[in-house]
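Peer 1: Residue strings, one per chain:
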Amino acid sequence: MIFPSGSGAVPGPDLPQTDEKVTIMQREKSLTRSNGAGWGFALPGFGLMVAFIILPFFFAIWFSLTNQRLISPNPTQFVGLSNYTQLLSVGTILLEPERDENGATLRDDDGEIAYPRLRNFTRNNPDYPKIQGMREWFSWQTGPNDELKRVILAKDVVFMRALKNTFTFVIIVAPLQAGLALLLALLINQRLRGINIYRAIYFMPVVISIVVVAFLWRLIYDGNNGLLNNLLGAISFGVIEPVDWLGQTSTALGAIIGMSIWQAVGFHMVIWLSGLQTISPTLYEAAELEGSSKWQTFRYVTWPGLRNTAVLILIVITMQAFGLFAQVDVMTNGGPLDSTQTIVFQAIERGYGKQDISGGSAISVLLFLIVLSISLIQRYLTRERS
Amino acid sequence: MAIQADNHRLRIAVRYLVLTLIAALFIFPLIFMLMSSLKPSQQLLVDSGSLRAFLPVGDISFDNYVMAFKRAPVGLFVINSLLVTGTTVILSLFLCSLAGFSIAILDWRGKAFVLSAILATLTVPFETIAVPLLLMASKLPWVGMEGFEFGWLNSYRVQIIPFVADGLTIFLFVQYFRDLPKDLIEAARVEGASWWTVYAKVLMPLSGPIIATAAILKFLVMYNQYLWPLMVVQEEGYRPVLVGLQYFFQLNTAWGEIMAYLSMITVPVLVFYLFLQRAFIASIASTGVKG
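So the protein sequences, as listed, match chains H and B.
Just so it is clear: in the first sequence, position 162 is 162 by my numbering, and no numbers are missing.
Just so it is clear: in the second sequence, position 5 is 5 by my numbering, and no numbers are missing.
In short, the hints are calculated from the structure, not lab data.
Since the model is a prediction, treat every value here as computed from it, not as a measurement.
The reader is advised that the hints may include incorrect statements.
FRET-style restraints, in silico, Cβ to Cβ [to be verified]: (1) B:Leu-206 with H:Thr-278: 18 to 26 Å; (2) H:Leu-192 with B:Asp-179: 29 to 37 Å; (3) B:Phe-28 with H:Pro-144: 55 to 63 Å; (4) B:Gly-237 with H:Thr-76: 28 to 36 Å; (5) H:Arg-119 with B:Lys-139: 54 to 62 Å; (6) H:Pro-44 with B:Ala-279: 23 to 31 Å.
Even for Gly, the Cβ is constructed at its ideal location relative to N, Cα and C.
Isolated chain B, as found in the complex (with noise of 0.2 Å):
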């Protein structure tokens, strides 16, 4: 019995080894460029080569932090992005809600077709239409506060505005309502309630777990937005991070600064996911299932 029970433990404990060498794998390279940004280049180059890399020991000092300020509007870089993101995923809940429910609970002349349409774009990646998007944008009429204007490029409507609608978030929201008892639905119109109160006030307050689902897909897709506004930004006023990046890296900055720049808009983001990790976790899956 006792050498079963030894038996049983030391399974156990290879068990863990295995999952902890593991997450040593994915950990490592986080704490690397953390403790970097707090060195002097020259030191976390030194470092680098031995368990030092990991520890924060030495010349330890928020110095890089300061002078990646003192470099580039990293700030503005940073609001710019928090800007398009949020504008982007309350337009893009509000649309994409409304059309999943229209497509969930109506029955309109078309909606098949209009379905179909939504379901093939699932298949396009967003690079094959980056090229004719770029044209497209460089041309197309604003009404602003100088009047009539053509030309989106190097604004913020550029970055949002094409990405609000999009097949995945309304066929999750189609989904969602589809699923939910019809009951409601009929009880709600035979006391006389619109079609709008329906969707406003019985349906969206059911809707917390699909919402913080695409909420959390769209704000991964536009925080790390990187090819569009390439192409799109070039005036630094509407430059967002990932962008104001590479154009920091070509400063010939030192890799201390850099370190600094990738941990403060990495830490906000993984804080945020620490706490809500598991509405992040399912959001991904969520993505998989009924596939």
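Same shape as in the complex, but just chain H (with noise of 0.2 Å):
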């Protein structure tokens, strides 16, 4: 989140040092030194942090690895990678459709082409041992007159639409939560009076918890008489159904980024115009003489001297993005029919709901390594180009 510029010592220049110099240093040194006062004053924080934060980091590896449960009368085991494997293995089959003596292809009552069912190929099938024990994640027809059917599976099905919305999430959210923010940073930093009033109640939802907003806006969405419903249909003279919002597949996982977005887009308002504030006002007044248009001067004055800002505000909402769970939990646990999985929710209804630990952690360990990929490539592609 945050990194200094320069940790621990100092690098200066490379330039021989007068004699004097050395000794000022040395006499500096010498009045901060202290072996004793130094880990005595840190040890208590920073042993609090070793035992709750780092050990729990590098158990959650090894657990992962291990079949360990919360309680277990059978000691546990090293089980190398298989959690890992049950997590993410997938696979893929194409079906022929099923075809009568002539080989004309067979239909359902429907209309519709049949296929042989997939099981007889997953279950105890030596000819398919790859996708022993998988089961059907999406398919696509496909080959000449779309006759044949391409199935792809997964091991764990549920785990990968967690994924599939956790990403979807983070992807809509960072984006358009950042960019929200920054134009809520522009209007807040005009010169008005009573500007900060308004400042004050842009941020107001995030001194809310995000369970109590879960709460209000599940009355909100709610299908029957939810507010937001009820506005759609007055606005619109009735034209508008009302929708259940979070019943259905295809509106859920949409109306926790709305909400997502309401609670916590005045965090990162504030930091924008943290952002903002920094950059100096004489640089607006030469673009201002230079007669620059409004465009012109968001680009080549605020934009540049929001650099380190932008990086910052993406890390820290793809972080927060990926965190999704109490919206869930609340609103949805995770349904209707998957639609809101999450990697998080999915992790603790392992570890905690199944007392699956190994599982848990494996789980939590993948998640730890795509946040931080996600970190780097983002601090790659925004690196300063010298």
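Given two chains presented individually in distinct reference frames, assemble the corresponding complex, making use of the accompanying hints.
Peer 2: Structure (structure tokens):
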């Protein structure tokens, strides 16, 4: 989140140092040099961090390689990567339609092409060892006349859906929330009387727990008497039919996205604002003198000054968005039909709900790797080009 | 001239209109929550079809609040949350400022390593350590009133101790202490003050702003805890407000009572926020500076 420009020893220019400088530095060093006091002051806090953040992090890696359960009469065993293969294994199969003696494709009562049952291949079929125990994730028609059916299978279909939903959430929320927050920050950065009142209002949802917000929005999204449906009905004079926002697969994740942005956008607005305020007013004055348009001022003065803020905000939003849990737990429990399952929800459902510490830990480690690689990629893409 | 002045006024008016419309978007759901908490559930659902949803009209009373207290020990949940939050904030300010002082001011063997370990924890979301931490918490030893025992589940300590020290709070103190003038410290040392005296009598009295920032950030995190207590607290006696809310909801409660519960735990925080609005916003902004 925050990385100091220089931690520990300050690297200085490699200039030949005079004796006088060395003695001053030594005097300063010896004045603050104290191993005993240093460790003594740091240890209570740092020790707690080791015990409750760093140690559990390494435990997560270790547990994910075992069959650890929360409570179990059997000793824990090392199982290698099997938790990961269980989560991530995917396979594919091309199904040919069932044909009669003449080679014509058979159709079921609804006129759909009939295919052999998947479980003939995935259950104890020695000819298909690679897809043993897998279930259908999704499929599409292919081949001549679209007669063939390509099926993608996964060992853990629910986890695959959780991955897909979480990535969808992040890919929509990160740019949208960062962009809206920047717009709000630009609005708030105007010199207008009473502007601080607006800033306070925009920020207000941030101090409210996301759990409270989720309960409130459950009532707003309600399919029968929800505020949103009534509002849409009123402004369209009843043309828009009431929608069960959280109850159907096509809208549930979108509803959660909307509410999440409503709650958190003020947080990032404030960070943008502090970035905006670091831009020197003389630059704006110069731009005004040059007669630059509003867009030019933004493009050539404001935006370059916000580079570092932009990187920070993207990384923070991405990290927060991958942690999506409370909204889902309160509003949909992962449903309907797994359409709001998320990575963290799955980790908690296994680690806590099913007391499967190893499975939950494996998901946690995967989440960490995903978050880490995405923030490294973001840093790389937004690096200073010299 | 007159046309220009009118134009200018019109532009200002449009700006205020835009600002106000957006403000309505943020504020109306909260007004809806407050007003609904005062209405019987039947009326609440009917009212949400019109502007009455945002007005204190009809059969207005505090019955929902009374019912909420009757249905569940809401007062106990609030006390649990305040106790856990308050203790964690105080311990955190103390231990994190000590560690920050040590890193910012003192020179000691291994400091660079400790600092990089602390900064590295900033990349670890809590969600990724929650599951192994749950197993740890179920097995950790404790010396309590009844002597030596194992297991931290269903207690206050399991909600407090893991959250006392965190990288962000320590780092905020490190940054703040680094920017304080070194002369003060040297003067105190020359006069023979111990490092403890330097910390407690010289630096901490100058640290009001950063203490407020760290306290507000910690308060928001702790009062809004949900995932962790959901896993480690099953007994009603230790349950915090938000987990209590989830159980409350499962009692098939009427919406009016839910809104009363939500208002009850939200309004104090909002009032607190409105009074300390600048400090709240400054504390969030400080997590972004020097990025």
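Peer 1: Please name the hints from earlier in the document that this structure breaks, with their numbers sorted from lowest to highest.
Peer 2: 5
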